[in-house]
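Kindly produce the complete structure, drawing on both the sequences and the hints.
There are 2 protein chains.
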Amino acid sequence: MMGIEKQFITKKVAVIGTGLIGGSMALLLREKNFTNFIIGVESVKSHAEQAIQLEIVDQISTLEEAVAQSDLIIVAVPVVAALEVVGQVLDLVDRQVVVDVGSTKKELCGKLATHEKRSRFVASHPMWGTEFSGPKAATRFAFSGKAAVICNQEQSDEDALELVMEMYRYLGMHLLSMNADAHDMHTAYVSHISHITSFALANTVLEKEREENTIFELASGGFESTVRLAKSNADTWVPIFRQNKENVLDVLNEHISQLRKFKASIEKENWGYLRELIEKANQINRILK
Amino acid sequence: MMGIEKQFITKKVAVIGTGLIGGSMALLLREKNFTNFIIGVESVKSHAEQAIQLEIVDQISTLEEAVAQSDLIIVAVPVVAALEVVGQVLDLVDRQVVVDVGSTKKELCGKLATHEKRSRFVASHPMWGTEFSGPKAATRFAFSGKAAVICNQEQSDEDALELVMEMYRYLGMHLLSMNADAHDMHTAYVSHISHITSFALANTVLEKEREENTIFELASGGFESTVRLAKSNADTWVPIFRQNKENVLDVLNEHISQLRKFKASIEKENWGYLRELIEKANQINRILK
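As given, the protein sequences belong to chains R and G, one line each in that order. Heads up: the first sequence is residues 1 to 289, going by my numbering. Heads up: the second sequence is residues 1 to 289, going by my numbering.
For the record, the hints were derived by calculation from the structure and aren't laboratory data. Note that the structure is predicted; figures quoted are calculated from it, not measured. Check the hints yourself; a few may be wrong.
If chains are identical, the list can't say which one is meant, so a pair holds when it fits in one copy or spans any two.
Stated by the list, open to error - With a cut-off of at most 30 Å between alpha-carbon atoms, the simulated DSBU-like pairs for lysine-lysine come out as follows:
id	residue 1	residue 2
1	117	12
2	208	146
3	45	208
4	208	231
5	268	245
6	261	245
7	111	11
8	11	146
9	117	245
10	111	263
11	280	136
12	111	208
13	280	268
14	32	136
15	136	268
16	268	111
17	280	117
18	12	261
19	45	231
20	280	11
21	268	231
22	261	231
23	136	231
This is the structure in structure tokens:
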């Protein structure tokens with residue numbers, strides 16, 4: 001069998017931000033032979049050192065050098081920084097393709113809509129992550145089997161889209177296309193609210209439980225899985241909630257109102273209603289494997 | 001090395017309820033040579049057939065036969081049924097030991113406090129479970145490394161306690177002792193509330209998201225892990241919330257108030273406060289590995 005790797009000329013890739021997402025992409029894109037040369041741009045000195053040491057990138061450069069030497073520039077910085085960085089990169093490109101991987105799309109796409117090189121940019125979001133951050137969190141066990149969303153694709157050049165789609169296929173992801181507004185609404189439901197419930201659950205337990213050893217000893221898999229995301233980084237998540245404020249508040253209000261139904265059913269000892277609520281929740285089975 | 005298995009005379013075990021917990025205990029207690037003969041008591045006919053077919057139990061008997069033929073009787077039925085079943089079993093025992101494995105302890109221990117054979121009973125709770133139920137959900141990959149709680153142990157005979165503690169050690173669990181009231185309060189925090197937040201999160205998403213394919217396609221690992229418990233069975237959980245009503249309501253009120261802090265910080269665009277809330281939640285790191 002001829003591998004697709006052989007038919008595809010490997011590209012020089014720059015990764016701006018060598019943390020969990022950028023670092024994992026770098027590791028896998030090299031392993032899958034999408035590229036054999038990766039330049040890192042990293043503003044945190046310790047992260048830059050780790051990225052070299054962990055062989056995530058071949059060299060660390062300035063933004064300008066990295067853009068000049070690359071075919072594809074992946075912007076993998078927190079979403080508030082991306083608002084500036086993607087524009088800076090676009091200012092520098094001619095033939096190159098620029099892709100971002102952030103969790104919010106509306107504000108970024110809005111800001112770049114009138115950039116004269118907008119068509120060299122592909123707005124995307126690979127739906128994968130963990131509660132950890134930084135180059136040390138980067139892993140080859142990433143992305144595969146999950147969806148990558150491409151937003152407002154009609155604003156990107158065809159060759160730019162093709163390269164980015166090819167990249168996601170190398171990562172084992174399937175592609176979805178939607179506009180940036182729809183993306184931000186959907187991700188509020190399937191990602192952002194999960195983080196808020198986890199943070200709030202952690203604070204609930206930390207607030208009330210003073211005997212920490214007891215929590216530690218008693219915590220079973222169920223608790224760990226619901227609270228896992230509470231370890232997630234504020235640098236990543238504050239800007240996401242900020243950029244997706246309206247959608248996140250909509251979902252959060254709905255979630256609080258759903259919790260109140262559970263509360264009311266237990267308070268009023270309406271066990272039939274509680275059963276209904278649980279059986280309705282069980283329908284998530286139809287959606288998640 | 002002499003295995004501990006060889007030094008311990010294997011016991012005949014009855015498992016009343018051959019679902020997730022009872023079935024998993026049966027599979028492992030046989031595999032670890034704690035017992036080589038397991039009698040099942042199962043009121044659901046299809047479950048009884050599955051328990052035989054899956055080699056969870058050697059035979060299905062009536063409650064009376066099972067108790068008469070066993071050294072150790074494990075009651076693994078939903079907590080509302082346990083209120084009746086444990087008493088029925090105790091009525092039948094003389095030398096035997098009876099242990100339950102339910103998620104609530106206060107009401108059961110209260111009810112049995114004056115039973116004339118109370119001392120043959122050990123109230124316990126292995127802190128392990130999954131979102132699945134029934135004999136087909138039973139698995140050998142259970143219990144190990146988690147805590148098993150024994151409640152009100154001063155009310156149990158020493159030989160009964162020793163046998164139950166031995167059983168949990170065979171399952172690879174470490175033992176904790178506490179009174180039933182403390183158990184129910186702690187489990188409200190580290191287990192019961194996680195189920196409510198998962199149920200409510202599932203209902204939040206199901207309520208608002210009509211495009212199910214989009215949820216399905218977009219859902220990443222984070223969403224799956226926070227919503228996993230929403231698949232849990234109403235037959236198991238309604239009685240748990242019912243028996244632990246006061247503690248569950250306390251935690252649920254606290255959780256809603258924690259969610260309101262996130263809501264307020266986002267509504268008021270108080271990003272510094274939002275960061276504080278997230279960084280506080282990150283402290284769950286200290287507690288969970």
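Taking the hints in turn, this is what the structure says about them:
1. In this homomeric assembly, residue 117 and residue 12 come within 30 Å of each other (Cα to Cα) only inside a single copy, at 20 Å, whereas the closest approach across copies is 76 Å.
2. Within a single copy, residue 208 and residue 146 get their C-alpha atoms only as close as 37 Å, which misses the 30 Å cut-off; across copies the closest is 22 Å, which meets it.
3. Taking the closest pair of Cα atoms, residue 45 and residue 208 never come within 30 Å of each other, the shortest separation being 39 Å inside a single copy and 43 Å across copies.
4. In the homo-oligomer, the alpha carbons of residue 208 and residue 231 lie at most 30 Å apart both inside one protomer (18 Å) and across protomers (27 Å), since each shortest distance falls under that limit.
5. Taking CA atoms no more than 30 Å apart as the test, residue 268 paired with residue 245 passes between copies only; the shortest distance there is 10 Å, against 34 Å inside one copy.
6. In this assembly of identical chains, the alpha carbons of residue 261 and residue 245 lie at most 30 Å apart whether taken from the same copy (24 Å) or from different copies (14 Å).
7. With identical chains, the CA atoms of residue 111 and residue 11 are at most 30 Å apart within one copy only, with a shortest distance of 28 Å there and 72 Å across copies.
8. In this assembly of identical chains, the alpha carbons of residue 11 and residue 146 lie at most 30 Å apart only when taken from the same copy (23 Å versus 48 Å across copies).
9. In this assembly of identical chains, residue 117 and residue 245 lie within 30 Å of each other by CA distance solely inside one copy; the values are 28 Å within and 60 Å between copies.
10. Within a single copy, residue 111 and residue 263 get their C-alpha atoms only as close as 42 Å, which misses the 30 Å cut-off; across copies the closest is 26 Å, which meets it.
11. Proximity of residue 280 to residue 136 under the C-alpha cut-off of 30 Å is restricted to the inter-copy arrangement: shortest distance 23 Å between copies versus 40 Å within a copy.
12. Proximity of residue 111 to residue 208 under the C-alpha cut-off of 30 Å is restricted to the inter-copy arrangement: shortest distance 28 Å between copies versus 43 Å within a copy.
13. For the homomeric pair residue 280 and residue 268, the shortest alpha-carbon distance inside one copy (19 Å) is at most 30 Å, but the shortest distance between copies (33 Å) is not.
14. Taking the shortest alpha-carbon separations for residue 32 and residue 136, only the intra-copy value of 20 Å comes in at or below 30 Å, while the best inter-copy value is 39 Å.
15. With identical chains, the CA atoms of residue 136 and residue 268 are never at most 30 Å apart, being 49 Å at best within one copy and 35 Å at best between copies.
16. Taking CA atoms no more than 30 Å apart as the test, residue 268 paired with residue 111 passes between copies only; the shortest distance there is 23 Å, against 50 Å inside one copy.
17. In this assembly of identical chains, the alpha carbons of residue 280 and residue 117 never lie at most 30 Å apart, being 48 Å within a copy and 42 Å across copies at closest.
18. Proximity of residue 12 and residue 261 under a CA criterion of 30 Å is satisfied in neither setting, with 54 Å inside one chain copy and 46 Å between copies.
19. Within a single copy, residue 45 and residue 231 get their C-alpha atoms as close as 23 Å, which meets the 30 Å cut-off; across copies the closest is 44 Å, which misses it.
20. Taking CA atoms no more than 30 Å apart as the test, residue 280 paired with residue 11 passes in neither setting, with 49 Å inside one copy and 42 Å between copies.
21. Taking the shortest Cα distances, residue 268 and residue 231 sit within 30 Å of each other only across copies (24 Å), while inside one copy they are farther apart (35 Å).
22. In the homo-oligomer, the alpha carbons of residue 261 and residue 231 lie at most 30 Å apart both inside one protomer (28 Å) and across protomers (18 Å), since each shortest distance falls under that limit.
23. Taking identical chains as interchangeable, the C-alpha atoms of residue 136 and residue 231 lie at most 30 Å apart only when both belong to the same chain, with a minimum of 15 Å there against 33 Å between chains.
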